[in-house]
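Q: Since chain A is already given, all that's left is putting chains B and C on it; use the hints.
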Amino acid sequence: MTRTSALMRVVALTAIYLLVLTSLHPGDILTGVVLSGIFVAAARRIRPLGPSPAAPWFRRLVGVPALVGGTLVDVAVSTWRTALWCLNLRRTRPGLVTVPIPACGAPSAAAWGVRVGITPDTVVVDLDEERGRMLLHVIDARDPDAVRAEQLRSYERRQRRVFP
Amino acid sequence: MPAAVLIPAMVWVTLLLVAGGLALARARDVHQRVIALDVLAAVVVALLALLSYYWDVGYYLDAAVALSLLSFVATIAAARYLASGGPFG
Amino acid sequence: MISVVLDVIGAALLLVGLTLMTISLYGVLRLPDTFSQLHAQGLATGPGVLAVLASSVATENAAIITFAVLAIVFVTLTSPVSGHAIARSARHRGRRRQVE
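Going line by line, the protein sequences match chains A, B and C. For what it's worth, the working numbering labels the leading residue of the first sequence as 1, then goes sequentially. For what it's worth, the working numbering labels the leading residue of the second sequence as 1001, then goes sequentially. For what it's worth, the working numbering labels the leading residue of the third sequence as 2001, then goes sequentially.
Only chain A is shown next, with the shape it has when bound in the complex (with noise of 0.2 Å):
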């Protein structure tokens, strides 16, 4: 772990310990930023979390909204997708379809994990990031290369740039 990132858990962690306390004190800001440091320190000697994505971190922060707004309008599109399919209105074959995916490191992974796991049409059973591979559990398992498809058309569209 760099000492950028370091620093920016720091932040990261300290900006929600602010936000759970609603509060800008000085002393607060400093209690945040003691703990925050001591849980980081601490949690660098529990287990190294692999390299984080080699592209420069402005052009990752770029791809951001895209992520964002993208990903909101996939579990849009899904959320309609399996409320027909739950109240019996589109009848479809559910089944477990196997997606090939580009080998990455853990945080990609997660990304990937949380991407798909976030829309209700498809749920996540197994994800071999090393191996790339990703078990999916989908409402309409008729035709498996469709969902291949659409999996890495919003990979490539949303996510890449971000967490490639």
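No lab work stands behind these hints, which were simulated from the structure alone. Among the hints, a few may not be true.
As the list claims (entries may be wrong) - Computed from the model, here is a short list of chain A residues facing chain C with C-beta under 7 Å:
1. 19
2. 21
3. 22
4. 79
5. 114
6. 117
Positions of the beta carbon are idealized from the N, C-alpha and C atoms, including for glycine.
A: Chains B and C alone, transformed into the frame defined by chain A:
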């Protein structure tokens, strides 16, 4: 938000709570029971959020955040227990 | 004026969230197998709760909105993980049954 919206919403969520209890009772195996408990936790979080909007105070949402994190940890522990026979195995 | 618009947005989000929760409970009650129920569960624990929490913009209370944003971030990160955990353990169990 006007009370004319919030009161019916709270009544609705309370009915959903009853339906969640029914789902819990009707579950056929342990996984379905865990799923029903997860949905029940989501319904209670929504009820706490509505109470916080109604009384216009923030501290019901403290309880909502704590409850959602607790239900997350409980689900993970139960799933690990069922998959491997022990919560840490 | 703005507060009326916010009220309408908040009420609409509330309606969407509660409808999604109702559909999800209906699905959990009706669907027979665990994996199908997981999709119905994802409807309530993901978009349903998020819509109800997002309707906090109508309260115009900074403390409530801050906490709702925090809750939205937590729910977004935790709900896929709990669904994945249940799915994985259900699959392990199904395999073990087949082996025996």
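Q: At a threshold of 7 Å, is the proposed contact between residue 117 of chain A and chain C supported by beta-carbon distances?
A: Holds. Min distance 3 Å.
Q: Was the hint right that residue 19 of chain A lines chain C, CB cutoff 7 Å?
A: holds, 5 Å
Q: Can the hint on residue 22 of chain A be confirmed by a CB-to-CB distance to chain C that is less than 7 Å?
A: This hint holds: residue 22 of chain A lies near chain C, its Cβ roughly 5 Å from the closest one there, short of 7 Å.
Q: So, residue 79 of chain A near chain C? Judge it on the closest CB pair being under 7 Å.
A: holds, 5 Å
Q: Hint validation: residue 114 of chain A versus chain C, beta carbon distance must be below 7 Å. Holds or violated?
A: Check passed: Cβ of residue 114 of chain A comes within 5 Å of chain C, closer than 7 Å.
Q: Restraint: residue 21 of chain A near chain C, CB-CB cut 7 Å. Satisfied or not?
A: Residue 21 of chain A check fails; min Cβ-Cβ to chain C is 10 Å, beyond 7 Å.
Checked against the numbered hints given earlier, the structure breaks only hint 2 and satisfies all the rest.
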